[in-house]
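*Asks:* Sequences listed follow chains A and B, in order. Residue numbering for the first sequence follows this note's numbering, starting at -11 and increasing by one per position. Residue numbering for the second sequence follows this note's numbering, starting at 648 and increasing by one per position.
Calculated directly from the structure, the hints in this document are not laboratory data. What you are looking at is a predicted structure, and each value in this text was computed from that prediction instead of being measured. Even glycine gets a Cβ: it sits at the ideal position worked out from N, Cα and C. Some clues are possibly wrong.
Among chain A residues calculated to face chain B with C-beta under 7 Å, some are [as the list claims (entries may be wrong)]: (1) Leu37; (2) Ser85; (3) Ala100; (4) Leu325; (5) Asn384; (6) Glu386; (7) Glu387; (8) Asp423.
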Amino acid sequence: MRYTPHTPSDKEQMLRVIGIDSVEELYRHVPETLRNRAKIDLPEGLTELAVRKRLAALASRNAAASDWSFFLGGGIYHHFIPSAVDAVISRSEFSTSYTPYQPEVSQGTLQALFEYQTLICQLTGMEISNAGVYDGASAAAEAVLMSRRIQSPSRRRVLISRALHPHYRAVIATYLRNLDDMQLEEVPFDAAGATDVEALARNLNDQSMCVVVGYPNFFGVVEDLTPIRSACANSGAQLVSVTTEPLALGLLKPPGAFGVHMAVGEGQSLGVPMSLGGPAFGFFATRKSFIRNLPGRLVGETVDVDSQRGFVLTLATREQHIRREKATSNICTSQTLCTLASTVFMSLLGKSGIRRLAEVNVSRAHEARDRLVSRAKLEACFSGPFFNEFVLRAGNLEEILKRCATAHIVPGVPLGQWYSELSDCLLICVTEMNDREEIDRLVGAICS
Amino acid sequence: MSEPSAVNRPSRVAPPRLLFESGSLGRSGFYWPAENGKVQAAIPAGLRRDDIPGFPELGELEVLRHFTRLSQRNFGIESQFYPLGSCTMKYNPKVNEVVARFPGFALIHPLAPIELLQGAIELLYELEHILSEISGMEHVSLQPSAGAQGELTGLMLIRAHLAEEGNPRKKIIVPDTAHGTNPASSTLCGYDVVQISSSAGGIIDAATVEKMMDEDVAALMITNPNTLGLFEKNIEAVAAVVHAKGGLVYLDGANLNALVGVAKPGHMGVDVLHMNLHKTFSTPHGGGGPGAGPVAVKERLRAYLPVPRIVKTAGVFALRDDCPKSIGRVRSFFGNFGVLVRAYSYIISLGADGLEEASRMALLNANYIRKKLEKSYQIAYDEPCMHECIFTDRIQHKSGVSTLDIAKRLLDYGFHPPTIYFPLVVAGALMIEPTETETPETLDGFVEAMLSIAQEAKENPELVKSAPHSTPVRRLDEARAARKPVVRWERQRADGDERQG
């Protein structure tokens, strides 16, 4: 398959215009020594049919949620996506356009981003939001870097809850590894599965820059941010909340209502397919007073020469293409097509729909946990309230995983790979995609 | 081509409202019956919210009509020629969209057991090898989400390697023609940036690098072809100078579309590079992402690559996290998998022969435009170009018409403008990258528009300076947007709540 439309006579005519005899001449500045060795050792091109067959064969060797029962969360969630979402993001005016540098012919993308920013503010209870970043993990890392720009250089200790997603903790560590003044410390979790507030308060001092906690956290526990916020306030540290399951914010008190400084997270839950964890987007919301410290793209409202409302990328003086080495971040993508998907998703669900869907998640997850504890004799690991994920302890985890696999069920994410003390524990997620019959089969497979 | 209208034709169609300014209390485009589970008991009252003030209340058709109308206020590759320099706006093939939506790719979970993901991991493993082969490098990580994250990752690899040798060093040399992400990524990696000027010919020469090279320089970042569309023909000599002082060479692969099958960065003395799959390998730009920015390295940097690494043993794929020298993770899970699937599909569609032909036709198209416009617009560098050509507004400036005006006037002719005012070293730059997927007829149409605008600049400069005249909105007040930023809708700011009910 080729997408170059040039016929031999097209080429001939174009070469004649340029005044050369062959395309090769255009490469005359490329040294022979490089050109002689440039042949690519790959197969010849395929027909579209052959491409589809090859990819279908690869796809068939993966277990898809359409054929298996997944009780998997841990940062990526299987939710229902209304058909209208893909219909909108498949429009080539959205999918094939570039970053909206020419606002007169990008009002579609710009207005949608302005609406996205508003929706994220409403959902998180924050004052402002940027247009999106790569993923939840880089959003968390960018939040720490933003705190570094705001806080005084005497504050360089970052306290991260151990109940924050392990990948997020790893990415924050990677982003900070070359900034010599930074100190990264972890705060333990308690019996509720929440950040140990006493331990946190003991560790906070006048060198603390910020505290990073999950809401809900990696164990699915909905942490009460009030005491954490108070502990931060006493020491002058900023508070960053990280939400990997933003559907929860349809029902939960928004992070902004606790007074967090930055509310960030992963947006995949809001209308983006799981797709092995990417692409989706990271959301990044904060207070208005920090607007000039924001990383990433930001869309603002203005008017044109005829006083018509319009939208533009704004405060670009924060960004790499203007500020170069002094930019607030090197990021220049906002995962726009994914944030558009979430904008359509949130618009369709709306105020009542997002609450309903959140309630369905809570209700099914609690029903499943009750039955797994009472009938399958698994032990609840933590006592804290949860949204749609919870941790259960099993004496015979290996055996359970095997039995479930035979029934085409993946019952959860084993936690031993990140927490040695939870090596017999499973993080189980139940969403609206897991109906009663699936939950019955899960309980049955574990009991058998 | 018919002459575009010179005056604004007022439309009777009202501009689209915001989502928050339409709808009716209680309306929703989503149906799901209530379930009788416990919700109140599950979440303590202090952790619940009552309402999401301002959230939309719209029906499904209303939502679709809203976004369809918004889409009509955008230019896209399937509706307009989009010769945006350095962005490689080639056609984004439909088959890639179809395969990325196969349930076996779209509905798979990253934390599922690896034995349930063998097809996906095989695709990633193969793509790593394909990109190694194309770039002439030895190892690849697909994890970085975008070019800029690839840069940061690559610089971190360099730093980890130098630190292990005893001294991470202090500086990165970046050419004055570089993308802004190069210096920004350097800072984020803890380095100071030293700018190097390109020669009068628009490229870097080894003697200048030699003068700047010392034991404090960790690396030189170089883009090839550079952002002037010129091949850095001294790159091997430049790399030798950097290596002689113990530094490394980073290649910004943003312009790889010019080189596939023509020259391999791995043969140029490059130690690490990133590739923009959303440029060279046709994945859609999405209005500003998602992209993907894999990094490729020589053997000496392999140990530092991000985890997890993919390993294949007896036909079975597994993931390795136990890489003690690795810089760690740069993002969650596996990177932008859906983008990687599309790039893989593109590469196997074209094959070795098709990829090489794509690069050749990208050069042919760029040089064709260059030739056809060279008498009406000043050429920035009098050298044959690679995949893009740079003009300036010097000739038009005499009648007060600037690059911005030319760009805006092109909108009236139905073309997306080139990249403007970049690279910074060219005053009033117009950077045109047609890509290989355009026909000569399309290029002729664009050339004709550019020639008309050059004529208009002479005869009726006001027409050009007040452009665009036919777009949904006209020139926007960007200063006002930045002075008092309004970055979200708020009820009190709008004229009351315009919703009915």
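*Asks:* State for each hint whether it applies.
*Replies:* So, going through the hints one by one against the coordinates:
no.: 1; hint: Leu37; verdict: 9 Å, violated
no.: 2; hint: Ser85; verdict: 5 Å, holds
no.: 3; hint: Ala100; verdict: 6 Å, holds
no.: 4; hint: Leu325; verdict: 3 Å, holds
no.: 5; hint: Asn384; verdict: 17 Å, violated
no.: 6; hint: Glu386; verdict: 12 Å, violated
no.: 7; hint: Glu387; verdict: 15 Å, violated
no.: 8; hint: Asp423; verdict: 10 Å, violated
Hints 1, 5, 6, 7 and 8 from the earlier list are contradicted by this structure; the remaining hints agree with it.
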